[in-house]
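S.K.: Each chain, written out:
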Amino acid sequence: MSNEIAVIGVGMHPWGKWGKNFVEYGVKAARDAIKDAGIDWKDVGFVSGAATMRCGYPGYVAGATFAQALGWQGAEVNTSYAACASGSQALAAARAKILSGETEVALVIGADTTPKGFLAPQGGERPDDPDWVRFRLGITNPTYFALYARRRMEIYGDTQDDFALVKVKNAEHGFTNPYARYKKKFTAEDVAASAMVADPLRLMDVCATSDGGAALIVCSEAYAKKIGKADAVKVSAISTVTPTYASSVIEMPEMATDSGAVVEAQSFRAALPMKAYEEAGVGPEDVSLAEVYDLSTALELDWMEDLRLCERGAAAAMLRAGDTKLGGRLPINTSGGLACFGEAVPAQALSQVCELTWQLRGQAGDRQVENAKVGITANQGLFGHGSSVILTK
Amino acid sequence: MTEQAKPQVPALEGWFTMDSDKPHLLGSQCTSCGTYYFPQQKNFCKNPSCDGEEFNEVPLSRTGKLWSFTNASYKPPAPFIADDPFVPYTIAAVELDKEKMVVLGQAVTGVDVSDLKAGMEMELVLETLFEDDESEKLTWKWKPVSV
Ligand SMILES: [Zn+2]
Chain S
390 MSNEIAVIGV GMHPWGKWGK NFVEYGVKAA RDAIKDAGID WKDVGFVSGA ATMRCGYPGY
450 VAGATFAQAL GWQGAEVNTS YAACASGSQA LAAARAKILS GETEVALVIG ADTTPKGFLA
510 PQGGERPDDP DWVRFRLGIT NPTYFALYAR RRMEIYGDTQ DDFALVKVKN AEHGFTNPYA
570 RYKKKFTAED VAASAMVADP LRLMDVCATS DGGAALIVCS EAYAKKIGKA DAVKVSAIST
630 VTPTYASSVI EMPEMATDSG AVVEAQSFRA ALPMKAYEEA GVGPEDVSLA EVYDLSTALE
690 LDWMEDLRLC ERGAAAAMLR AGDTKLGGRL PINTSGGLAC FGEAVPAQAL SQVCELTWQL
750 RGQAGDRQVE NAKVGITANQ GLFGHGSSVI LTK
Chain Y
4 MTEQAKPQVP ALEGWFTMDS DKPHLLGSQC TSCGTYYFPQ QKNFCKNPSC DGEEFNEVPL
64 SRTGKLWSFT NASYKPPAPF IADDPFVPYT IAAVELDKEK MVVLGQAVTG VDVSDLKAGM
124 EMELVLETLF EDDESEKLTW KWKPVSV
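Quick note, the sequences are listed as chains S and Y, same order. If you number the first sequence the way the working numbering does, the last residue is 782 and the count never jumps. If you number the second sequence the way the working numbering does, the last residue is 150 and the count never jumps.
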């Protein structure tokens, strides 16, 4: 029996700082996805929502919130929270429901409205909370991404110019994407002129937070066939594995890695796609394009190596050769990535799937990758969450 | 000014020794499998192959090799307590050889990103994190051995 499900509909709300209720973004994305699938909302048997922690109680019960906003029609609901991987976890819940035969069609949906200003830990004196401790000691989110970036410079000889080139490439990719928030062809000079945040990363090397929404209609292969969409794009793998002790890379919000003294340390990021490749029965050599979580420009280069799209330390050379831009042999972040979108946590992993779906269908317009057959996503969030999804034609 | 020196207290109780000459971070070690923890783990071992529940407090190596480094160009939000005006500081991630563990910390005042190189030998020192009316709160910082 196949473990694949079909993606028959995708929809998004443009990313931005719209200041509206997150439900509006989600409903717009869902309606687009339903229309794209050519089905009726009442045909959906399961609503799988990705939670937002920033929008109060309706955000905690996102599945039900969206089901009500679209009009209660009796569908079963579920809400997933897995930090930046929430969308993938919601997709995994829908897949399980479909493959078990409990439902034929599911809506997978995530949307967010981000608050103004910085996200900071709760107040008070709370030395038992690692998040509180690291802020007290002056360790912020950009610290971690800057440490990874500097490590690349020290070990592989990457430069700040390489990191700027990632931004320039992704800005070019996102320039014509109607859903992107930032649509400007930034230059290396623009990046170099932006303020230093955490050396070597400048303001334009790190992504912003945005409002946005994304939705998918997924179904069994039998259902896709029944409605004349037997050739729909397939979800061939979803990996949401947790890390294996001991961590080799310092992860937010910790002050230290695990000890590798008695158990060999390993990288979580590198482990994420392994299950996905195995499940899909494809390898890195089969990948046509990838959407990766570029929280920083330098992190895109780490992901290329973690996805085994090149040897360790070879990502910058691939970038410089133009291999990862549109028209190159393995385009990365054709949507424009987080560089052009900014992060909308519960929607981001789903927006990656939307982009791959458009690409594999040949509907990506100016961003189209020729002859795209296999696409892979990757992202990582706090507390051992991460995901990698493989879509095939 | 005849202001009396304020007492020096740790910014985090029990995370390091207050030995001004040769301070150590205080970790714990599982008595069953021997793995190390920082901050201290006291109840259950996190090694999935170990059911250990007993730990000894151990001083961690006070020197290690620089894994990576960065700085903070902007003032972090609370609970960070910043000088006014804010003074940017350098941050180091140091790999302890025996414990095979990377530990973060600020670099000692006066050390800039341009002074650092991965692989450099670093040692642990104590410095003031901030002070209030009662006391100076000390924390651990990393200092290049060569400085
Ligand atoms: Zn143990």
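It is possible that part of the hints are untrue.
What the hints assert, rightly or not - Reference listing, derived: stretches of chain Y covered by chain S, where coverage requires no fewer than 3 residues with Cβ under 8 Å from a Cβ of chain S:
1) 12-19
2) 50-58
3) 69-79
4) 90-96
5) 99-113
6) 126-132
Unchecked claim - The calculated DSS-like cross-link candidates involving lysine-lysine, where the alpha carbons are at most 27 Å apart (straight line), are:
7) S:Lys714 / S:Lys572
8) Y:Lys146 / S:Lys505
9) S:Lys664 / Y:Lys120
10) S:Lys424 / S:Lys664
11) Y:Lys49 / S:Lys406
12) Y:Lys78 / Y:Lys101
13) Y:Lys78 / Y:Lys146
14) S:Lys618 / S:Lys714
15) Y:Lys146 / Y:Lys25
Hint data in this document are derived by calculation from the structure and do not stem from the laboratory. Computed from a predicted structure; not experimentally measured. C-beta atoms are modelled at their ideal positions from N, C-alpha and C, and glycine is treated no differently.
S.K.: Need the status of pair Lys664 (chain S), Lys120 (chain Y): alpha-carbon distance at most 27 Å?
M.R.: Roughly 36 Å separates the two Cα atoms, so the pair is violated.
S.K.: For the stretch 126-132 of chain Y, do three or more residues have a beta carbon lying closer than 8 Å to a beta carbon of chain S?
M.R.: Answer violated; 1 residues pass the 8 Å Cβ test.
S.K.: With a Cβ-Cβ cutoff of 8 Å, does the stretch 69-79 of chain Y contain at least three residues near chain S?
M.R.: It holds: at least three residues are needed, and the stretch 69-79 of chain Y offers 9 whose Cβ sits within less than 8 Å of chain S.
S.K.: Check whether the Cα positions of Lys618 (chain S) and Lys714 (chain S) lie no farther apart than 27 Å.
M.R.: violated, 31 Å
S.K.: With a cut-off of 27 Å on the C-alpha distance, tell me whether Lys424 (chain S) and Lys664 (chain S) pass.
M.R.: Violated - the C-alpha atoms of Lys664 (chain S) and Lys424 (chain S) are around 33 Å apart, more than 27 Å.
S.K.: Keeping to a limit of 27 Å between CA atoms, is the pair of Lys78 (chain Y) and Lys101 (chain Y) held or broken?
M.R.: Judged against 27 Å, a Cα distance of about 34 Å means the pair is violated.
S.K.: Does Lys406 (chain S) sit within 27 Å of Lys49 (chain Y), going by the straight-line distance between their CA atoms?
M.R.: violated, 41 Å
S.K.: Are there at least three residues in the stretch 12-19 of chain Y whose beta carbon sits under 8 Å from a beta carbon of chain S?
M.R.: holds (count 3)
S.K.: Would you check chain S against the stretch 50-58 of chain Y, counting CB to CB pairs closer than 8 Å, and say if three or more residues qualify?
M.R.: It holds: at least three residues are needed, and the stretch 50-58 of chain Y offers 3 whose Cβ sits within less than 8 Å of chain S.
S.K.: Could you grab the alpha-carbon distance between Lys146 (chain Y) and Lys505 (chain S) and see if it respects the 27 Å cut-off?
M.R.: Since the Cα atoms of Lys146 (chain Y) and Lys505 (chain S) sit roughly 37 Å apart, the hinted pair is violated (cutoff 27 Å).
S.K.: Mind taking a look at whether chain S covers the stretch 90-96 of chain Y? Criterion is 3 or more residues with CB to CB distance under 8 Å.
M.R.: With 3 residues in contact (Cβ-Cβ under 8 Å with chain S), the coverage given for the stretch 90-96 of chain Y holds.
S.K.: What's the verdict on Lys146 (chain Y) and Lys25 (chain Y), does the C-alpha distance respect the 27 Å limit or exceed it?
M.R.: holds, 12 Å
Hints 6, 8, 9, 10, 11, 12, 14 from the list above are not met by this structure, while the remaining hints are.
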